[in-house]
Amino acid sequence: MRVQMTVNGEERVCDAKGSESLLFALREHLRLTGSKGACEQGECGSCSVLLDGELVCSCLVMAVDAHRSEVVTVEGMGGAELHPVQKALIDAGAVQCGFCTPGFVVAAAALLDENPAPSSDEMREALAGNICRCTGYGAILRGLETLVGDR
Amino acid sequence: MTTRVRTGEVRGGVGESTSRSDGIPKTDGTYTYSSDLHMDRMLFGATLRSPHPKARITKLDIGPAVAMTGVHAVLAGDDVPGRNAFGLETADQPILATDLVEYWGQAVALVAADDPEIARRAVEAIGIEYEVLEPLTDPEDADARDSVFHRARCRRGRQDVSGAVVVEGYYEVGMQDQAPLGTESGLAIPDGQGGVDLHIATQWTHVDRDQIVAGLGVEEDAVRVHHAGVGGAFGAREDVSLQIHLCLLALYTGRPVKMEYSRAESFVGHVHRHPARLWMRHEADHDGTLRRIEARIIIDGGAFRSTSDSVVGNAVYHAAGPYRCDSVSVDGVAVRTNNPPCGAMRGFGAVQACFGHEAQMDKLADALGMDRVELRIKNALRRGDPMATSGQVIDTSAPVIEILEKLRDMPLPPANRSDDPRLLPGGTGLTTSRPMVRRGVGYAVGLKNLCFSAGFDDYSEARVAITPFGVEVHTAAVEVGQGLGMACAQIARTVLGIEDVVVYYDDTSQIGSAGSTSASRQTQMTGGAVMEAARMAREIALQRGGGDELDGEGVWKDGILVTPMEDLVGRENIEYHTRFHHPETYAPDENGQGDLHVDFAFAAHRAVVDVDRELGLFRVVQVDTVQDVGFMINPRSVVGQIEGGTMQGIGLATLEEIVVEEGVIMNPTFTDYLLPTFLDAPPIEIEVIEEPSSFGPFGAKGVGEPPTVSSTAAVVAAIRDATGLELNRTPVRPEHVALASR
Chain E
0 MRVQMTVNGE
10 ERVCDAKGSE
20 SLLFALREHL
30 RLTGSKGACE
40 QGECGSCSVL
50 LDGELVCSCL
60 VMAVDAHRSE
70 VVTVEGMGGA
80 ELHPVQKALI
90 DAGAVQCGFC
100 TPGFVVAAAA
110 LLDENPAPSS
120 DEMREALAGN
130 ICRCTGYGAI
140 LRGLETLVGD
150 R
Chain W
0 MTTRVRTGEV
10 RGGVGESTSR
20 SDGIPKTDGT
30 YTYSSDLHMD
40 RMLFGATLRS
50 PHPKARITKL
60 DIGPAVAMTG
70 VHAVLAGDDV
80 PGRNAFGLET
90 ADQPILATDL
100 VEYWGQAVAL
110 VAADDPEIAR
120 RAVEAIGIEY
130 EVLEPLTDPE
140 DADARDSVFH
150 RARCRRGRQD
160 VSGAVVVEGY
170 YEVGMQDQAP
180 LGTESGLAIP
190 DGQGGVDLHI
200 ATQWTHVDRD
210 QIVAGLGVEE
220 DAVRVHHAGV
230 GGAFGAREDV
240 SLQIHLCLLA
250 LYTGRPVKME
260 YSRAESFVGH
270 VHRHPARLWM
280 RHEADHDGTL
290 RRIEARIIID
300 GGAFRSTSDS
310 VVGNAVYHAA
320 GPYRCDSVSV
330 DGVAVRTNNP
340 PCGAMRGFGA
350 VQACFGHEAQ
360 MDKLADALGM
370 DRVELRIKNA
380 LRRGDPMATS
390 GQVIDTSAPV
400 IEILEKLRDM
410 PLPPANRSDD
420 PRLLPGGTGL
430 TTSRPMVRRG
440 VGYAVGLKNL
450 CFSAGFDDYS
460 EARVAITPFG
470 VEVHTAAVEV
480 GQGLGMACAQ
490 IARTVLGIED
500 VVVYYDDTSQ
510 IGSAGSTSAS
520 RQTQMTGGAV
530 MEAARMAREI
540 ALQRGGGDEL
550 DGEGVWKDGI
560 LVTPMEDLVG
570 RENIEYHTRF
580 HHPETYAPDE
590 NGQGDLHVDF
600 AFAAHRAVVD
610 VDRELGLFRV
620 VQVDTVQDVG
630 FMINPRSVVG
640 QIEGGTMQGI
650 GLATLEEIVV
660 EEGVIMNPTF
670 TDYLLPTFLD
680 APPIEIEVIE
690 EPSSFGPFGA
700 KGVGEPPTVS
710 STAAVVAAIR
720 DATGLELNRT
730 PVRPEHVALA
740 SR
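Chains as they are written, first to last, in numbering that gives the first Met the number 0: chain E, 0 to 150; chain W, 0 to 741.
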């Protein structure tokens, strides 16, 4: 089926089979491989994208259900410069293997859009759907805390 | 002639927390992991796997799969042109099973098709029938039947020594998964001349190459293994998974072939941490002096050998922990069963041993009426002491006493006076009330051998080139996320005095082996190789330039720039290629005695855990650690390794276990195999001790594994402390606490 989406501000069209996930369509049809597949069950958050402004696991959304939707992936987070979340994670040493990082970038940016000054506990709760196997989460938290440090 | 003052220390050298060069692409989504690789006309591979832990294949009909539109290859064991076997230490596992299948999920046949869905359906279309056989799944049963990969033993000192106070214990460690977030994946591209280029997430490209060429039956230079972006490893990528399969399909079809395991397939696609059973007996004088340590250890290697021999060896040599004792007897066995194969995971045998010896030390302290930390300090290994098991004299930094004292002196977290459910066991499930919660504190200390041991020819190659465009560092070492690339660049900068350094990850045809990214070895081994090559390149530069100092501007003599860089390397680069070996180690004698290890690192953890005894719920409040790191080449990366490694140990204590019933994995998903999330992650306070190693660049020690060794034991000790229960098994499950007899 022909799926038409606005992805990172651009009109994109792909031919998706009924069984294919939005993640598969993004990665394989549109070659936007920033969103990662790691569990295929919505447990790890590596595939996090914004679908019509809402944070979703793109592995749990059927591609055909994203027809005529607006999708923002990690590739669309920054502009000419890095998104502040991206910069904060790099500066804090929160990137090791980096496989979870795109999902954290999208999820943390979504959190900060909704609540510009979350407490550390609110951050931990909001990001509990994103699994990181390398860092133990400490550096991720320290990085994100720098973004609300001035409040 | 220019006369300028040298600018002094180079930026981005050792000791600085530099940022990783792949940081931006990893945060903006442009970094290419092995699963992101793509080529026009590429095919997708899939694998038929055994649904039985043990069976005989009675019929294999690939016809229906071959006949499907879009299917380009269906290969079985008979199609393997070379040796149909692979294995990290011994080639004992068929690339594709031909007769017997010996574990659930063993690979039987391969498909390459136009898209992943067709490949999956073609796998289902293969006609296969089995005669189901009785699997051997109990490790003690396997031991009794002598179904064994390897037995290791240690006898040291007089064997008739006894102490006034005796404690005994039996302990179990569950099967942990490395669970790297990136599953196994890669892309094989045929070169049109009978060879193939494999782009793969791995830990050791050269040993992959050696196993691939044997399976393909081709010359070594026909296969080039390229290091593609790695989504975590932790031991899971040390063994071959889909490497040979990909190359077989690519050569057969003449087209690029990509494979990517699902999470469920990944659980059977790589080896796991060995589950272990340990029996231990400790005897001490009334003053706490250890007199006698006895241990028996069984680890379950599963169906194929992988690194089981080395893991059980490591468990045996680490069985006494970082303590002095002159009468020791340890017997270890790695058994062969029809359970999932086990091999390398961060900690490699030392994790299992530590869970046992640290529980014993607590028991002994309680029996003696002694403080638990004080008992450890009293018996702590020091530099110059013989190791209790092997008798090897420790001639590296061994600050065990300092580690324990420092850890004990770190502030404890304040008592929880809040009813916020997020701070209580069970979290927002609102099941616990604060008055039901008891707090426990547990300590554990461990050690880990660094680099390869027991006479293994352990080396790493590196090439350093000074060019007009900056310095190039070439290595085949695999950056798995730990920050090796940064460390190599920092070492080269400091040695050469030149800031502009780029690290290139060469394929197997361009440079010799760097050895595995495992055993906490790359900082010392590849870092050591880079240091040696950079030093020699500097010597050549000083000679060629006629001076006594080098930096990014050129060669200086007595503070004057005598040969600017463009003259120094304008016509010819300065290059030095080296193969770096660590000091020699030796195989043990028949009593397990000898200088087996080149270096050790030590760490201790203190865990604070809140427990609701009635409901069996616990919450890890805080974990603090002190680690012997030698010297921190990149302090922020060291902290990252310690936090991440500690967290994996907390996972093994509280959540993580591959549940195997009659040889079948019951929880091969992230829904059922629970990994620590942000909400399970406690604050981790870290202190390090920088006392230089006996070898390694600038005295640095490997830091990846020690944090995983003692964290599990500390967390379980804290739960014991809160509950008074024996809890001899990890991970601790709620029912172990709630249903335990009082």
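Worth double-checking, as some hints may not be accurate.
Residues from chain W that face chain E, not an exhaustive set, calculated with beta carbons under 8 Å [stated by the list, open to error]:
no., residue
1, H37
2, A178
3, V229
4, R262
5, S417
6, R421
7, R635
8, S636
9, G639
10, G643
11, T645
12, M646
13, M665
14, N666
15, F669
16, L678
Covered stretches of chain W, going by a simulated chain E footprint (3 or more residues, C-beta under 8 Å) [unchecked claim]:
no., region
17, 22-32
18, 680-687
Quick caveat, the hints were computed from the structure, so don't treat them as lab data. We put the beta carbon where it would ideally sit given N, CA and C, even for glycine.
Quick rundown of the hints versus the structure:
With a least beta-carbon distance of about 7 Å to chain E, the hint placing H37 of chain W at the interface is held under the 8 Å criterion. At its closest, the beta carbon of A178 of chain W sits 6 Å from a beta carbon of chain E; the interface hint therefore holds under the 8 Å criterion. The criterion of a C-beta within 8 Å of any C-beta in chain E is met by V229 of chain W, whose closest approach is roughly 6 Å, and the hint holds. With a cut of 8 Å, the hint placing R262 of chain W at the interface with chain E holds, because the nearest CB-to-CB distance is about 5 Å.
Checking S417 of chain W against chain E by beta carbon gives a least distance of about 11 Å; that is not within 8 Å, so the hint is violated. About 6 Å separates the beta-carbon of R421 of chain W from the nearest beta-carbon of chain E, less than 8 Å, and the hint is met. Evaluation of the R635 of chain W hint against chain E yields a held restraint, the C-beta minimum of about 4 Å falling below 8 Å. Annotation: S636 of chain W was flagged as interfacial toward chain E, and the flag holds, the nearest CB pair being 7 Å apart, inside 8 Å.
The criterion of a C-beta within 8 Å of any C-beta in chain E is met by G639 of chain W, whose closest approach is roughly 5 Å, and the hint holds. A cut of 8 Å between beta carbons decides the hint on G643 of chain W: the least distance to chain E is about 5 Å, and the hint holds. A least Cβ separation of about 6 Å between T645 of chain W and chain E falls short of the 8 Å threshold, and the interface hint therefore holds. Contact between M646 of chain W and chain E, as hinted, is supported at the beta carbon level, the nearest pair being about 3 Å apart and thus within 8 Å.
With a least beta-carbon distance of about 16 Å to chain E, the hint placing M665 of chain W at the interface is violated under the 8 Å criterion. For N666 of chain W, the suggested interface contact is broken, since its CB lies about 12 Å from the closest CB of chain E, more than 8 Å. Evaluation of the F669 of chain W hint against chain E yields a held restraint, the C-beta minimum of about 4 Å falling below 8 Å. Look at L678 of chain W: its Cβ gets to within about 5 Å of chain E, closer than 8 Å, so that hint holds up.
Against chain E, the region 22-32 of chain W contributes 10 residues with a C-beta closer than 8 Å to a partner C-beta. That satisfies the three-residue criterion, and the hint holds. Using a Cβ-Cβ cut-off of 8 Å, 3 residues of the region 680-687 of chain W lie near chain E, which meets the minimum of three, so the contact claim holds.
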